[in-house]
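Protein chains: 2
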Amino acid sequence: MKSKKAPASDVEDPAPEVSKKQRKRSARAAEKALELIEEVEEAQETVAEHVSAEAGTLAALLQVGPQFQLQDVDPRSTPGFAGTKKEGKAALAAGVEPMSELQERLFAEGLSGGERSVLLVVQGMDTSGKGGILRHVIGSVDPQGVSLTSFKAPTSEERAKGFLWRIRAALPEPGHIGVFDRSHYEDVLIARVGKLVPAATVQRRYASINTFERRLVDSDTTIVKVMLHISSDEQKSRLAERLDRPDKYWKFNPGDVDQRLLWDEYQQAYQIALTRCSTQRAPWHVVPADRKWYARWAVQQLLIDALNGLAPQWPVADYGIEEQKARLVAT
Amino acid sequence: MKSKKAPASDVEDPAPEVSKKQRKRSARAAEKALELIEEVEEAQETVAEHVSAEAGTLAALLQVGPQFQLQDVDPRSTPGFAGTKKEGKAALAAGVEPMSELQERLFAEGLSGGERSVLLVVQGMDTSGKGGILRHVIGSVDPQGVSLTSFKAPTSEERAKGFLWRIRAALPEPGHIGVFDRSHYEDVLIARVGKLVPAATVQRRYASINTFERRLVDSDTTIVKVMLHISSDEQKSRLAERLDRPDKYWKFNPGDVDQRLLWDEYQQAYQIALTRCSTQRAPWHVVPADRKWYARWAVQQLLIDALNGLAPQWPVADYGIEEQKARLVAT
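Chains A and B are the protein sequences, given in the same order.
According to the numbering used here, the first sequence holds residues 1 to 331 in order.
According to the numbering used here, the second sequence holds residues 1 to 331 in order.
Keep in mind that the hints were calculated from the coordinates and are not lab data.
Be careful, since some hints might not be right.
Each pair may be met inside one copy or between any two copies, as identical chains are not told apart.
Straight-line distance between alpha carbons at most 30 Å, and here's what the computed DSSO-like set of lysine-lysine pairs gives [said to hold, decoys possible]: (1) K86 <-> K32; (2) K21 <-> K85; (3) K20 <-> K152; (4) K248 <-> K325; (5) K21 <-> K251; (6) K20 <-> K325; (7) K85 <-> K32; (8) K251 <-> K292; (9) K292 <-> K24.
This one's a predicted model, so the numbers in the text were calculated from it and none came from an experiment.
Could you build the full structure based on these sequences and the hints that come with them?
Encoded structure:
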């Protein structure tokens, strides 16, 4: 088979008109960018090595145990990270490459018959930074391997089906990282605070969630649950910013202020949900989130730890490599 | 309302043990990374300004017109770009920020009652780089605003429903960028070459597609259709690479060689589909794709052009700003 490389005929010369001088300047700039990127990456790795907790230790620091009290967690603290905002950003950047490779291996495994997947559940009050996690942590891996669901108030069809129905429908396929922006936990949070269902129903749901999650783990889904924990003051200032900047007006909703008036009730509902539903197989992690850069780094590390725990390997070929090489050469 | 900032009590000091010297080294490295990133971005912009076609001109260069002949397009050419691979990578990086902002504006518009959306349709032979477009172009915008669908062979349920059924189900919501990795065009490509349906059915489908796409455009979806055009030789070398690298075995499928034997038939099927279904409202673009870096840059520019054409604006507030500020202060 011959390749087709005939020159474009009826198309005008498509290259923009560029002088020799411009070409040179551009070539030098491109060269410089590549060199500097290497230096940047080295610097970022230096930061990550120096001020972040050892791999695998963060989950234990943030995990919700039996004695857990949400009010004892300082939303401005940075457990497992001894650096500043600038260092946090560098450490986050240093984590992109390892996370991407692990994700690609998991994806490859899924395409090759593997059943394993990861589910990241992200909860938090309004303005706690859920969107930033999606953008800055999840956004750095291949979108082909991610299934993201943002749960809004359930539709009447969904309400008719039992609260876990729409959750089941959104679970990640094998090899994927599923991400829930809000989740079935809203059914014991806003449902409780807003009295959307009878108290007895809320009570039953904690057990239903634990059973559901246990089965999910048994069917090879690793669940990473994170609550982004902000302070009331920080929420106030983030909402105020949305009212100050025309490029942020769309993020503000008058209902956010109504919800804010129920702050203490929500903290209490979180306290109950976090402790009742932090199980050994699917523990909750509370991530201090007044510092956005810390929360992003922490969630990235929790995901990297979870993926490292799975240790996905490149699949072996299920065909004869030499045979296929010979077939290919013959084409 | 008071913020809760009690110190963590029963949690051990979570900061890793870090010496003063380590702290200093890390702080310096973080500072350096940030400074260098600014320099990198400047250099990348210099490249983009110097060697790429003016905004808005690329679509015309790549567009399929009535006289179009696929065999006349050189897969190694780089229409609208006068630089090298290094410069191509720099120009792609320079496009991330403008594309992200346009995407966020479109997303905001969609959340505020706007109906507009963008649909990117990506077609191309095996190994033409569809996955790389998803990862390196689509992967750089906020995943919340993207709905990505990879179309595989239709299931029996899907086959029973008419070929556009599953396509309609995957259309982007208002404010979203929908991405089709393969699409309804497979129904006139593999369906034609593999004789999966009678010839008369294929014939009818071109018209159905044009009607479908016209209605889609009428309902405020901007369609950007790109065919990644590689040469047969390039495909051979990309398949060979997959057979040479254990981390790429999973990407190879013996069926790829079978499909390769039908190369000429596929080129012919593309020629027909491209010319019959390149309409004024939803034109096809053929992107030379033997150079991955060029194809990625070109698709990014086509998307930026499409988004610029929509010129999405930050939504105005549909609430009283001063009133809400007062409510917030009172909390």
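Hints versus structure:
Taking the closest pair of Cα atoms, K86 and K32 come within 30 Å of each other both inside a single copy (23 Å) and across two copies (10 Å). Proximity of K21 and K85 under a CA criterion of 30 Å is satisfied inter-copy only: 18 Å between copies versus 41 Å inside one chain copy. In this assembly of identical chains, K20 and K152 lie within 30 Å of each other by CA distance neither inside one copy nor across copies; the values are 56 Å within and 47 Å between. For the identical chains of this complex, K248 and K325 are inter-copy neighbours only, at 14 Å across copies versus 55 Å inside a copy, given an alpha-carbon limit of 30 Å.
With identical chains, the CA atoms of K21 and K251 are never at most 30 Å apart, being 46 Å at best within one copy and 43 Å at best between copies. Taking the shortest alpha-carbon separations for K20 and K325, neither the intra-copy value of 44 Å nor the inter-copy value of 56 Å comes in at or below 30 Å. Taking the shortest alpha-carbon separations for K85 and K32, both the intra-copy value of 27 Å and the inter-copy value of 14 Å come in at or below 30 Å. For the homomeric pair K251 and K292, the shortest alpha-carbon distance inside one copy (17 Å) is at most 30 Å, but the shortest distance between copies (37 Å) is not.
Taking CA atoms no more than 30 Å apart as the test, K292 paired with K24 passes between copies only; the shortest distance there is 23 Å, against 41 Å inside one copy.
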